[in-house]
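A.B. asks: Assemble the whole structure, with the sequences as input and the hints as a guide.
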Amino acid sequence: VVKELIPICEEELKPREGLEFPNLEECEKFYKSYAHFIGFSIRKSRSKNNNEGVPKYKYYVCSKQGFRQSSTNVKCSRKVKLTREGCNAMVGFRRTSNEIYVLFKFHEGHTHE
Numbered sequence: 001v002v003k004e005l006i007p008i009c010e011e012e013l014k015p016r017e018g019l020e021f022p023n024l025e026e027c028e029k030f031y032k033s034y035a036h037f038i039g040f041s042i043r044k045s046r047s048k049n050n051n052e053g054v055p056k057y058k059y060y061v062c063s064k065q066g067f068r069q070s071s072t073n074v075k076c077s078r079k080v081k082l083t084r085e086g087c088n089a090m091v092g093f094r095r096t097s098n099e100i101y102v103l104f105k106f107h108e109g110h111t112h113e
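For the record, in the sequence shown the residue sitting at position 63 is 63 according to full-length UniProt numbering, with numbers rising by one throughout.
Hints should not be assumed to be uniformly reliable.
[To be verified] Below are the DSS-like pairs computed for lysine-lysine, each with C-alpha atoms no more than 30 angstroms apart in a straight line:
| id | residue 1 | residue 2 |
| --- | --- | --- |
| 1 | Lys105 | Lys32 |
| 2 | Lys14 | Lys44 |
| 3 | Lys3 | Lys105 |
| 4 | Lys14 | Lys58 |
[Stated by the list, open to error] Restraint-style ranges between C-beta atoms, simulated for each label pair:
| id | residue 1 | residue 2 | range |
| --- | --- | --- | --- |
| 5 | Lys105 | Glu11 | 12 to 22 angstroms |
| 6 | Glu4 | Gly53 | 33 to 43 angstroms |
| 7 | Glu10 | His107 | 13 to 23 angstroms |
| 8 | Asn50 | Ile8 | 36 to 46 angstroms |
| 9 | Tyr59 | Pro7 | 10 to 20 angstroms |
| 10 | Lys32 | Tyr57 | 10 to 20 angstroms |
| 11 | Val54 | Lys29 | 11 to 21 angstroms |
| 12 | Gly109 | Asn51 | 29 to 39 angstroms |
| 13 | Glu52 | Glu10 | 32 to 42 angstroms |
Hints in this document: simulated from the structure, not taken from any laboratory.
Built from N, CA and C at the ideal position, the CB exists for glycine as well.
C.D. replies: Set out below in structure tokens:
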């Protein structure tokens with residue numbers, strides 16, 4: 001069982017389902033400012049585009065989300081800092097029919113300090 005830490009911050013700063021944004025740049029800016037306030041960094045994750053190439057879904061995750069893929073290169077002797085710790089903190093945005101983005105998924109817990 002992985003223990004998750006819930007960051008402490010004021011409720012009005014937290015992402016919550018139903019928040020609306022005019023575009024993905026504003027979505028990223030919002031989550032990035034929340035992450036900075038809490039003390040973690042984010043990165044872009046998966047997305048799904050519609051037929052016109054416009055993102056229907058976009059996810060941003062904690063930069064420590066997932067695990068680094070093991071390398072098959074045995075010659076590598078360079079030490080690489082461990083940056084992925086399996087953190088599940090993330091946020092997801094969905095594009096609506098009136099062309100705005102709505103926050104529809106938010107996982108607050110982190111597996112690291």
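A.B. asks: State for each hint whether it applies.
C.D. replies: Each hint, compared with the structure:
no.: 1; hint: Lys105 <-> Lys32; result: 16 angstroms, holds
no.: 2; hint: Lys14 <-> Lys44; result: 19 angstroms, holds
no.: 3; hint: Lys3 <-> Lys105; result: 20 angstroms, holds
no.: 4; hint: Lys14 <-> Lys58; result: 18 angstroms, holds
no.: 5; hint: Lys105 <-> Glu11: 12 to 22 angstroms; result: 18 angstroms, holds
no.: 6; hint: Glu4 <-> Gly53: 33 to 43 angstroms; result: 36 angstroms, holds
no.: 7; hint: Glu10 <-> His107: 13 to 23 angstroms; result: 19 angstroms, holds
no.: 8; hint: Asn50 <-> Ile8: 36 to 46 angstroms; result: 38 angstroms, holds
no.: 9; hint: Tyr59 <-> Pro7: 10 to 20 angstroms; result: 19 angstroms, holds
no.: 10; hint: Lys32 <-> Tyr57: 10 to 20 angstroms; result: 18 angstroms, holds
no.: 11; hint: Val54 <-> Lys29: 11 to 21 angstroms; result: 19 angstroms, holds
no.: 12; hint: Gly109 <-> Asn51: 29 to 39 angstroms; result: 35 angstroms, holds
no.: 13; hint: Glu52 <-> Glu10: 32 to 42 angstroms; result: 38 angstroms, holds
The earlier numbered hints are all upheld by this structure, with none contradicted.
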